[in-house]
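Protein sequences appear in the order of chains P and C.
The opening position of the first sequence corresponds to residue 12 in the working numbering, with each subsequent residue numbered one higher.
The opening position of the second sequence corresponds to residue 336 in the working numbering, with each subsequent residue numbered one higher.
None of these hints come from the bench; they were simulated from the model.
Computed from a prediction, not measured in an experiment: that's the story for all the values here.
All C-beta atoms in this analysis are idealised placements derived from N, C-alpha and C, irrespective of residue type, glycine included.
Where hints are given, some of them may not hold.
Mimicking DSS-like on lysine-lysine, the simulated pairs with C-alpha atoms at most 30 Å apart in a straight line are [said to hold, decoys possible]:
| no. | chain 1 | residue 1 | chain 2 | residue 2 |
| --- | --- | --- | --- | --- |
| 1 | P | K239 | P | K216 |
| 2 | P | K152 | P | K216 |
| 3 | C | K486 | P | K240 |
| 4 | P | K152 | P | K14 |
| 5 | P | K256 | P | K186 |
| 6 | P | K240 | P | K186 |
| 7 | P | K256 | P | K216 |
| 8 | C | K346 | C | K486 |
| 9 | P | K84 | C | K486 |
| 10 | P | K239 | C | K486 |
| 11 | C | K486 | P | K109 |
| 12 | P | K98 | P | K84 |
These stretches of chain P come out as covered by chain C in the derived footprint (C-beta under 8 Å, 3 or more residues) [said to hold, decoys possible]:
| no. | stretch |
| --- | --- |
| 13 | 48 to 61 |
| 14 | 78 to 87 |
| 15 | 116 to 127 |
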Amino acid sequence: MTKLNQQLDDWIGQMSPFGLDKASKRDQLLPLLNALHQHHRAHCVPYANIMTQHPGNMEDFSAIPYLAVRLFKMMSLQSIPENQVFKLLQSSGTSGQKPARVALDKATASRQSRTLVRIMQQVIGRQRLPMLILDSASVLKDRHQYSARGAGIQGLLPFGRDHTYALDNNMQLDKAAIEAFAQRHQGQPVLMFGFTFMAWAYVIKALADEGCSLPFSEGVLIHSGGWKKLQDQQVDDDQFQSLAKATLGVDKVHNFYGMAEQVGSVFVQCQQGHLHVPACSEVIIRDPYTLAPLPAGIPGLIQVMSILPTSYPGFSLLTEDMGQWHGEDDCLCGWKGRYFSVAGRLPKTELRGCSDTHAA
Amino acid sequence: MIPMQPEYLIKPTSDLSQWQQYRCLPVADAVTLAFCHAFSEVLLSQRQHSELTALGFWLREANLAQQLKRHLPAGQLSALGHVLHITPNNVDSMFAYSWCCSLLMGNCNLVRVSQSSNPVKTALLQVIEGLFQRPEFSAIADRNLFVEYPKDSPLSAQLSCLADARVIWGGDDSVRAIRALPAKPATRDIAFGNRWSACLIDGDSLVADSLPVLAERLWRDVYPHAQQACSSPQVVFWTGAKTMQADLFAVIDQLAETQPRQLTAANEHLLASQWLLANQQAEQIFRQRVTAIRVTQAQTGLCADGFFQIVNLSEKAQLRQYIDEGLQTLSYFGPCPDPQWISSLAKIDRLVPVGQALAFSAVWDGYNLFSELTRQVTYE
Numbered sequence: 012m013t014k015l016n017q018q019l020d021d022w023i024g025q026m027s028p029f030g031l032d033k034a035s036k037r038d039q040l041l042p043l044l045n046a047l048h049q050h051h052r053a054h055c056v057p058y059a060n061i062m063t064q065h066p067g068n069m070e071d072f073s074a075i076p077y078l079a080v081r082l083f084k085m086m087s088l089q090s091i092p093e094n095q096v097f098k099l100l101q102s103s104g105t106s107g108q109k110p111a112r113v114a115l116d117k118a119t120a121s122r123q124s125r126t127l128v129r130i131m132q133q134v135i136g137r138q139r140l141p142m143l144i145l146d147s148a149s150v151l152k153d154r155h156q157y158s159a160r161g162a163g164i165q166g167l168l169p170f171g172r173d174h175t176y177a178l179d180n181n182m183q184l185d186k187a188a189i190e191a192f193a194q195r196h197q198g199q200p201v202l203m204f205g206f207t208f209m210a211w212a213y214v215i216k217a218l219a220d221e222g223c224s225l226p227f228s229e230g231v232l233i234h235s236g237g238w239k240k241l242q243d244q245q246v247d248d249d250q251f252q253s254l255a256k257a258t259l260g261v262d263k264v265h266n267f268y269g270m271a272e273q274v275g276s277v278f279v280q281c282q283q284g285h286l287h288v289p290a291c292s293e294v295i296i297r298d299p300y301t302l303a304p305l306p307a308g309i310p311g312l313i314q315v316m317s318i319l320p321t322s323y324p325g326f327s328l329l330t331e332d333m334g335q336w337h338g339e340d341d342c343l344c345g346w347k348g349r350y351f352s353v354a355g356r357l358p359k360t361e362l363r364g365c366s367d368t369h370a371a
Numbered sequence: 336m337i338p339m340q341p342e343y344l345i346k347p348t349s350d351l352s353q354w355q356q357y358r359c360l361p362v363a364d365a366v367t368l369a370f371c372h373a374f375s376e377v378l379l380s381q382r383q384h385s386e387l388t389a390l391g392f393w394l395r396e397a398n399l400a401q402q403l404k405r406h407l408p409a410g411q412l413s414a415l416g417h418v419l420h421i422t423p424n425n426v427d428s429m430f431a432y433s434w435c436c437s438l439l440m441g442n443c444n445l446v447r448v449s450q451s452s453n454p455v456k457t458a459l460l461q462v463i464e465g466l467f468q469r470p471e472f473s474a475i476a477d478r479n480l481f482v483e484y485p486k487d488s489p490l491s492a493q494l495s496c497l498a499d500a501r502v503i504w505g506g507d508d509s510v511r512a513i514r515a516l517p518a519k520p521a522t523r524d525i526a527f528g529n530r531w532s533a534c535l536i537d538g539d540s541l542v543a544d545s546l547p548v549l550a551e552r553l554w555r556d557v558y559p560h561a562q563q564a565c566s567s568p569q570v571v572f573w574t575g576a577k578t579m580q581a582d583l584f585a586v587i588d589q590l591a592e593t594q595p596r597q598l599t600a601a602n603e604h605l606l607a608s609q610w611l612l613a614n615q616q617a618e619q620i621f622r623q624r625v626t627a628i629r630v631t632q633a634q635t636g637l638c639a640d641g642f643f644q645i646v647n648l649s650e651k652a653q654l655r656q657y658i659d660e661g662l663q664t665l666s667y668f669g670p671c672p673d674p675q676w677i678s679s680l681a682k683i684d685r686l687v688p689v690g691q692a693l694a695f696s697a698v699w700d701g702y703n704l705f706s707e708l709t710r711q712v713t714y715e
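The whole structure should be built from the sequences, with the hints applied where relevant.
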């Protein structure tokens, strides 16, 4: 247990987040994923029960077995005794669903934070920049909403300083706070973070509607949380980027894709607009009908693998997101590894049955 | 107060207040039988959806004659009156059966169709609309309204007060919600709540030659409505030899491969399999398009669309510990279990050969719809 933790920590310590090519990744990551499979078989009885037909020693990434991500919403799955649970993460439960419950011990939690730092530094830099959060500070106080949005903000706070919230408690632009922030840091590089839809609707659009723009010339906007609502409004990444740059005064905009079930090993958008798989992860796209792995360019279900989790068996998950991978090691941005895009959620299974008249 | 008006799915020839005034037709009237015959012909000529083709078969003259002969009570019968039908969300054509039973009995019907859109429902309503436009069926069109409205609309309450009977499809919660609404003192409720169904296979009766036949019949019970009709078996109880278990599902899989499937099915099957494997002693015995998983405790309502939970029994008598009052239909392969013994086990409503699980009958969930939807007049 501690030996595997040590091995993973050492590996993360020396990792170059986007510097591992296909052959090296296979050599270095595959043994770690195999070790994680054995670790969770030994320490999580339900995982072992599920995996009786997978004894181990997979020779290819696509042969690594995976759990359906929603299983974490249906039951508790952990590979540590209860007294070692350091933190319980909850995913955003979509309406009517129970949120996922992810148990972290200190080793996994700290590995997640360190990995997030290593990856984010690739786009933010090492310096802690003045930080404008495109959300309301009340999100952190509201215990009910804290789980999803609050945890996301909390995770990014260490990358900045002089944390300032752009929205008031009513989700209106807090002009006084924004102006004061602008005066303090005018002309300097800044960091901004927000959830994709909220950043767009409440800050970027709100500024544009008022004909305002912020007086920065350098800076980076990091955003995450999914495109669904923006897709409904027919806003694509290009539109998002150009209006964000025009109103916020940043020169770089990076989306990232991640989930509560695999915190830390996030997939960051490069300058070419592609989400990149970092060195500690792998992504396989699977045919939604057969679950067979798909070649580049064909949309399917996204399977994510990460070497970070030892406290819960979530190192290989079949998500309910659709996407496709575009290439490997050859993105024009220069980063190694697979790069991909996310198309949206798998539609909800149609309710069929005699048993839901009233639900309709 | 001006009564609310629902949205009519078929252009009505009468509105709600006129509909209330119409008098019922005689039981099994010639015009009703002619309508059912024409309805059957259109459905059988289209053959677009297996569910509607099955309905077309059920409505054939010969079958209706048999249903009436077997299930119509003796004596002097007349229609009950005005019947409100609350239909299930997505077992898209089930409501047509109970509607047709009510129609045959001469009643005036108001059918609340769920608001979810699906192609089978749309096709069905189009066929009915086409028939209603024929002048010879104007008496039917006047007396039968198809409406939709949001579930929280006060219309359910308003319509309940007009009804002499309420035919309520739906889960237990829906049934409770509708039954809680005030109705006339003599209003009859015919309620179809949550049920589940199973298949009993005798492995000793299974030989290689009978494998394709069993596979075809079991799949016939499962494929329509994506296995989510209450009568479709989601659980398979298996007695006797187990040697051909995996083979059976391999043959079913070949049948399934030729049919369209849902985008979400493979992921749902994976999730349900993993949940079962994690929480009990279970074993995956087949997994491609269809999934078969051997379990010690079946979980009904967990997963459908080609998902079979198999419970091995060392002897038939063990059934007792697995079935509860929710069991609606037990279909069987091999010798027919003793009906008296079966009905002593639980509140089971149907015992039918495999392949017949979805075959509708005027007697359903323990109700005889013909007698429930008529008044029996006695003469001395």
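Each hint tested on the structure:
1. P:K239 with P:K216: 17 Å, holds
2. P:K152 with P:K216: 25 Å, holds
3. C:K486 with P:K240: 26 Å, holds
4. P:K152 with P:K14: Violated - the C-alpha atoms of K14 of chain P and K152 of chain P are around 38 Å apart, more than 30 Å.
5. P:K256 with P:K186: 19 Å, holds
6. P:K240 with P:K186: Since the Cα atoms of K240 of chain P and K186 of chain P sit roughly 25 Å apart, the hinted pair holds (cutoff 30 Å).
7. P:K256 with P:K216: With Cα atoms ~12 Å apart, K256 of chain P and K216 of chain P stay inside 30 Å; holds.
8. C:K346 with C:K486: 21 Å, holds
9. P:K84 with C:K486: With a Cα-Cα distance of about 28 Å, the restraint between K84 of chain P and K486 of chain C holds, given a limit of 30 Å.
10. P:K239 with C:K486: The given pair, whose Cα atoms are some 27 Å apart, holds under the 30 Å limit.
11. C:K486 with P:K109: 24 Å, holds
12. P:K98 with P:K84: Measuring from Cα to Cα gives roughly 17 Å; hence the hint holds.
13. 48 to 61: Answer holds; 4 residues pass the 8 Å Cβ test.
14. 78 to 87: holds (count 6)
15. 116 to 127: Not satisfied, violated; 0 residues make the cut.
The structure is inconsistent with the numbered hints 4 and 15, although it conforms to all the rest.
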